[in-house]
Amino acid sequence: MVLIRIILLFLTFGNVCIAVYCPENCNCFKNFGLLDCSNTFKTIIPDNIDSPKFITELVLRGNQIKQLNVDLHQYSSLTYFDISSNGLINIEDNSFEHMGKLHTLIMRNNLLSNLNNKTLYGLKNLVSLDLSQNHLTVLLDNTFQYFPKLLELNLTGNFIHSISGNAFSGLYALDSLHLTSNRLMAIPVVAFKNVKHLRFLNLEGNNIHHLLNYSFCNNSMLADINIANNDLKIIEDKAFSGLENSLESLDLHQNYLPVVPTQAFLQLEQLSKLDLGANRISVIASNSFYNLSHLEVLYLNDLNDLTKINGLAFNLTHLRVLHIAFNPLLRYIHPKALYNLPALKVVYLNNNGIHKFPKHFLPWENLETLDMSGNFIDCDCDAQWLLDVFNEISNNKKNFIQKSLRCRSPKHLLDLPVSTLKPSDFHCHKLAYGYDAKHHNKTLVVVILSVCSTVATILILFSLWHFRVKIFPIAEWQSNYTRQKNILTDPQNEEDSLSADTVA
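So in full-length UniProt numbering, spot 127 of the sequence shown is number 127, and the numbers just go up one at a time.
Just so you know, these hints were derived from the structure itself, not from any lab. Take the hints with a grain of salt, since some may be wrong.
Here are the computed distance ranges between Cβ atoms for each label pair [claimed, not checked]:
hint, residue 1, residue 2, range
1, Gln-67, His-209, 44 to 52 angstroms
2, Asp-231, Lys-356, 33 to 41 angstroms
3, Asp-231, Gly-353, 24 to 32 angstroms
4, Leu-416, Lys-308, 44 to 52 angstroms
Idealized CB from N, CA, C, for every residue including glycine.
Please put together the full structure from these sequences, using the hints given.
See below:
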């Protein structure tokens with residue numbers, strides 16, 4: 001049986017089991033065509049091996065190879081080549097001319113500062129190219145013109161400040177472009193006209209401060225854009241024009257936006273994920289996310305200037321996940337701020353400055369995950385309803401993080417977890433526990449009106465009594481006094497008066 005397995009292995013791998021001399025300190029996996037000479041202090045490409053044409057994967061990571069030249073031609077069967085972290089300074093023209101089978105080239109973390117249209121000539125089947133962490137400053141015209149099958153280009157961590165209009169000419173199939181951590185000050189609109197099939201664009205960590213109208217008008221297939229950690233202050237109303245039917249994810253966190261750019265978002269009906277965290281937004285106004293009918297995930301974290309969220313701020317019928325966390329100045333959330341969110345399942349409200357949570361501002365019965373930790377609230381009658389919510393959580397075993405929701409007042413409850421309190425701790429003895437606040441308000445109004453009516457009645461009665469007892473006797477005395485005076489001054493009047501009294 002063992003003999004049969006040996007024969008089968010020989011028949012399977014016999015074509016590649018060539019006697020290959022393995023360079024010192026390298027690992028040779030002859031059956032798989034892999035030569036790994038990582039971290040072996042080599043300064044040149046290994047050339048002392050037999051039958052290099054059978055090597056399909058060459059790994060030279062972490063050596064001291066400063067230059068590439070035509071010595072690479074002997075490895076004409078390579079499909080994978082990793083020469084990252086070598087301090088590579090120069091690549092002679094046409095060094096890759098006979099490496100048409102190569103589909104992955106990794107030259108990350110080197111010292112390359114110049115590329116032209118002959119530097120990488122010959123890589124007609126290249127699918128992935130990693131040039132990240134080099135010293136490139138300018139991308140010249142036609143630098144990548146011979147890569148018709150390239151899907152991913154990584155230029156992260158260079159010093160690129162200028163991209164020529166035809167720098168990406170020839171990249172007909174490019175799907176992902178990484179320009180993270182460079183020095184771009186504007187979107188290279190003209191250069192992007194040659195990558196019409198681009199779906200993912202990462203511009204994080206540049207110096208872009210203004211998104212002009214039609215910045216992505218040539219890239220109608222873009223589904224994911226990351227412009228985080230820039231100097232972005234202004235987004236014009238039609239900046240995303242052309243992406244109405246494609247854009248699904250937009251990352252704008254860690255910029256300087258003073259308000260939610262509602263007008264710029266109006267046409268992005270397919271957007272499902274949006275990150276506006278770490279901006280300078282102070283208020284989330286009503287209808288800030290109007291017309292984002294497919295938005296499912298929204299991040300509003302680390303907004304250090306955010307103080308309030310107005311009513312109907314969201315109104316997103318498909319929103320499932322909402323992050324409003326680590327906003328230290330956020331004190332007020334309107335009771336209807338989260339109104340009409342029927343799909344909401346996950347909410348993070350942790351580590352804000354919220355002192356009161358409105359009773360009906362969340363669809364409690366629909367939530368699967370809720371984090372309210374890191375807030376310090378007023379543990380008064382208005383907060384007593386939270387006990388009902390926490391009890392329901394315990395019964396349903398939902399993923400609610402509420403143990404760190406603590407009291408900031410009154411003093412005798414300071415810093416106590418709300419979840420550990422009893423109904424009596426809230427000092428609402430005059431109200432039956434769980435009594436609806438609306439009914440309480442109505443009762444209070446009736447009592448006040450009754451008191452006012454009683455007081456008014458007392459005042460009226462007092463006025464009548466005062467008139468009868470005080471005013472009327474004085475008027476009667478004045479009348480008698482006048483009559484007596486008339487009698488004294490006119491005797492005839494006295495006789496008439498006496499006669500009248502007698503008759504009477």
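Practice problem: Determine which of the earlier numbered hints do not hold for this structure and return their numbers in increasing order. | Solution: Violated hints (numbers, rising): 1 and 4; every other hint is consistent with the structure.
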